[in-house]
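Asks: These are the residues of each chain, in order.
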Amino acid sequence: MTPSNTQLSAIKSVLFIACLAPAFLLWRGLELDTLGANPIEAITRTMGEWTLRLLLITLAVTPVRKLTGWHWIVRLRRTLGLFAFAYGVGHLLTYVWLDQFFDWQAIVKDILKRPFITVGFAALVLMTPLALTSSNYAIRKLGGRRWQSLHRAIYPIAVLGCVHFWWLVKKDVTEPLIYSLILAALLGVRAWWREQERRKQLAGGYLPKPRFEGKVIKIFAK
Amino acid sequence: MLIRPPSDILPSEITAPDIYRERRRFIAHAGSLALAAALPASHAHAATGSLGPLAASPLSTAEERTSRKAITTYNNFYELGTDKSDPAENTHRLKPAPWSVRVEGLVNKPRTFGIDELLKLAPLEERIYRMRCVEGWSMVIPWVGIPLASLLRQVDPQGSAKYVEFVSHYDKATMTRGVLDWPYTEGLRLDEARNPLTILAVGLYGEVLPVQNGAPVRLVVPWKYGFKGAKSIVAIRLVEKQPITAWMKAGPSEYGFYSNVNPEVDHPRWSQATERRIGEFSKRKTLMYNGYAEQVASLYSGMDLRRFF
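Taken in order, these protein sequences are the chains called A and U. Its first residue numbered 1, the first sequence is counted upward by one per residue in my numbering. Its first residue numbered 1, the second sequence is counted upward by one per residue in my numbering.
Bound-form chain U, shown alone (with noise of 0.2 angstroms):
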């Protein structure tokens, strides 16, 4: 069962999303990571595609995935437009390829990587992780990507670095202006960019990833509030002092540098109790880091929460 990237992709040789899940479903009931890890490690990336095999992880939720349709036309991405149906259809306004990712900062070799050496620096995951927007909804994505961690190692953190800061792509001319202080900005503690859950995902339903959630490469760090996911990544930068993210300087009473998903403490102006799962009736109960408190709770021992919200 070879999926391999044909130079030029004919629309008859696509294998259709229905298959291939089918496809994927079976390789996860056969067992298997030693079976997927003998598959060759080809990676297609043309401007759609498929990503080719993906290794399963350990850390996927067996929850089930939220469509397709509603994971792509249900975003929050503000530099396209502030509506949830603005940035499916303002995809024009990004363009993805050529692409590459300045890595700086307090790192001994600084370098610039192109999308394909990303995708080089570790073997592809599919990672189903739940997302939950401060908004209060909720969704479960199959992303695909690499720990973060993989690429931290290539540039070597010096010892003073304690954070990582991340910067989004902003495009005057076609972007949306005011609203937040552009380029969009996100950081994390460097223990938490290093934990296994955190990813650069480049993919989704074993595809690249579309430009309206975040093309070509984006941050997915699944036990805090979705916007800590900075879209279309230019710049990654390692720093001694917590950086102050785009949504702290909108609402800092609001938005805290954490924003790790607490039950327990509310937005000020709403509950973060409960969240609508996207697709389902009634709302369910919002669990503590939304449910990875078993990786990463030990990061936060000690911390009030309610103070570093």
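Next comes chain A alone, as it looks inside the complex (with noise of 0.2 angstroms):
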């Protein structure tokens, strides 16, 4: 199953108006007040979780390719890790603005001395390299393999956004261990291909026959 151009087309602007879809609902709920009782931490909430969301989906995209044979779905990975670190900035905005009140004093001492804190911003500070090169040019710019291992930070950042979310809750880690396992799951698959293909190298195929055979992967368009 490949799609046209202009079905990819199509099918990237559902994706992008579905990304939306969270902070669309927001926006009415603060405005219908259906947020609860406490509409700012549900904003923050909001915005956190649909930042690590977005994360495991764009790290689900590898896998799923491979599963499926659906190459042309990398062609959507941008969007999405593209809207997780604008989730990810709303949430620390949020954070800044409607639960500190920018008071940078409070704010720096909140970073450096609560290690939920600590760990959430640094994940932040880490995608923001992968946003700003994120780009077609920067791509040629850093060339495929040099931007493949910066943008392997990802498999850190979204360690580190479990992490923030395990040690903000206060009992009940239920939430948080799901989205652990699944992160699990996504980081382990990649592991064990990998041993895989070690083992296979291993046995005598030192040359491995192309992955994709005979099929070259645009994973942007020109």
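Heads up, some of the hints might be wrong.
[As the list claims (entries may be wrong)] Here are the simulated DSSO-like pairs of lysine-lysine, each with C-alpha atoms no more than 30 angstroms apart in a straight line:
(1) U:LYS285 / A:LYS171
(2) U:LYS69 / U:LYS84
(3) A:LYS171 / U:LYS95
(4) A:LYS171 / U:LYS241
(5) U:LYS172 / A:LYS171
(6) U:LYS285 / U:LYS84
(7) A:LYS171 / U:LYS120
(8) U:LYS285 / A:LYS113
(9) U:LYS172 / A:LYS109
(10) U:LYS95 / U:LYS285
(11) U:LYS84 / U:LYS95
(12) A:LYS171 / U:LYS249
[Claimed, not checked] Label pairs and their computed distance ranges (CB to CB):
(13) A:GLU175 / U:PHE281: 22 to 32 angstroms
(14) A:GLU175 / U:GLU64: 30 to 40 angstroms
(15) U:LYS95 / A:TYR155: 33 to 43 angstroms
(16) A:GLU31 / U:ASP191: 30 to 40 angstroms
(17) U:ARG307 / A:VAL96: 29 to 39 angstroms
No wet-lab data here; the hints were simulated from the structure. All figures in this text were calculated on a predicted structure; none of them were measured in a lab. All C-beta atoms, glycine included, are put in the ideal place defined by N, C-alpha and C.
Combine the two chains into a complex, taking the hints into account.
Replies: Following this line, the structure appears as structure tokens:
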């Protein structure tokens, strides 16, 4: 299944709107006063949850592509990653603005002193260069290999995101546990595939067949 | 202005909250305990409904009360679910009637109180208290209740009794499993339990306590973090040794026995210096003993509050 360019554009538009939906719903919720008794907490929390969800969806692109052969879905990855970053920035802004009200002293103290805030902040700092190098120009400039190793930072970023969630809940870790298990599966399947490849090479196939035979996969459109 | 409970309440006969709130404001303005005391002390106790005329209390705060909607939809009552909105959605999991509370342990007159008996121990008072949650938010809640001291007097604690342990209702079949070591337990030092601020609450906004707020009877200790207020109490036990509470078991380094509101002693994972009053936009500074220092600071004189957090 490979969509035509027109179809792909349509899919991309739908994805873009879908990624905007949580922000839109928050806005509506604020207007209609349906965010509960503590709307600021609800906004901060929802933004954080979507950051983590979008990170995990971004990380699911490669495994899904390998399992289904839908190589085109890699072209949706940038949108997903950038929205993850956008929600992350929104999450930080709600904390800085709505929660701490630009009390920079308190914010710096929090970042240094509260481990869950430290790791959350670190994750967002690490996401920034990835967002900045998401353009086709940056990919060309860096070269595929360097770009790829830089963007592998998403692995520690997602781990930090899960730790951030785990450390902030008071007692019931059910939700952070679910996110962590999904992340473990997404990273685990990569490790496993890598190990399989290594074994294959050791077994004599020093020149492994190209993984996607006879097919050039463009990860960005011209 | 008599409000007598009819035996069968017709919807048309229920006083609308804004009307009785207006009446209560009038009573308060008219100065008066005297006027309130002159009214018959009849305590209605239907499944829902007005608790009748209430005595005002000098211990109440004049701060603006948090909306009834917020107080009844934003709850930490883990037995009914761990999201704030869960308890209000799962009220069917707890039947607040019939109900009784065992008072036992180091007392000369152990006794089981039915709810109606509890209501007769002392005139019902409205106590408008600040409530500061350990999570960093706060409310102003118009509780209705009786001083815990009036119940303790009835059972005559023995000289060896130093602490009071509270046990909440727990039904494994319908309530949350895991998270905490059930049933929920809390504890106070006997002198804290006897402090005039400490009440057993049976109502909210002049009406019978909603399930999600700990129906039919819960503890309210306004100078301590909210979780000290055990909900849906089934047993009160007087003991010699300091009880280990559910939260102490869950996180000994995070939740101490005292858990007095203290802006200078942070939770290990977050600051306690400020709080968000529900309904307000910017945060406010948290007050020592939640603003009740005048009444309770002497209970802790000479104690290292960092050690006894």
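Asks: How does the Cβ-Cβ distance of ARG307 (chain U) and VAL96 (chain A) compare with 29 to 39 angstroms: does it lie in that range?
Replies: Cβ of ARG307 (chain U) to Cβ of VAL96 (chain A): about 34 angstroms, so the range 29 to 39 angstroms holds.
Asks: Are LYS285 (chain U) and LYS113 (chain A) close enough, with their CA atoms no more than 30 angstroms apart?
Replies: holds, 19 angstroms
Asks: Holds or violated: LYS172 (chain U) with LYS109 (chain A), Cα cutoff 30 angstroms?
Replies: violated, 42 angstroms
Asks: Measure nothing beyond the straight line between the CA atoms of LYS285 (chain U) and LYS84 (chain U); if it is 30 angstroms or shorter, mark the hint as holding.
Replies: Holds. LYS285 (chain U) to LYS84 (chain U) sits at ~23 angstroms (cutoff 30 angstroms).
Asks: Given the proposed pairing of LYS172 (chain U) with LYS171 (chain A), does the C-alpha separation stay at or below 30 angstroms?
Replies: Cα-Cα ~19 angstroms, so holds.
Asks: When you take the CB atoms of GLU175 (chain A) and GLU64 (chain U), is the distance between them in 30 to 40 angstroms?
Replies: Holds: the Cβ-Cβ distance is about 34 angstroms, inside 30 to 40 angstroms.
Asks: Taking 30 angstroms as the top limit, are the C-alpha atoms of LYS171 (chain A) and LYS120 (chain U) close enough?
Replies: violated, 38 angstroms
Asks: Is the hinted range of 33 to 43 angstroms satisfied by the C-beta distance from LYS95 (chain U) to TYR155 (chain A)?
Replies: Taking Cβ atoms as reference, LYS95 (chain U) and TYR155 (chain A) lie about 50 angstroms apart, which means the hint is violated.
Asks: Given the hinted pair LYS171 (chain A) and LYS95 (chain U), is their alpha-carbon gap at most 30 angstroms?
Replies: holds, 26 angstroms
Asks: Are the Cα positions of LYS69 (chain U) and LYS84 (chain U) separated by 30 angstroms at most?
Replies: Holds, at about 13 angstroms.
Asks: Has the given pair, LYS84 (chain U) with LYS95 (chain U), been kept, meaning a C-alpha gap of at most 30 angstroms?
Replies: holds, 20 angstroms
Asks: Regarding GLU31 (chain A) and ASP191 (chain U), is the given constraint of 30 to 40 angstroms on their beta-carbon distance met?
Replies: violated, 50 angstroms
Checked against the numbered hints listed earlier, the structure breaks hints 7, 9, 10, 15, 16; every other hint is satisfied.
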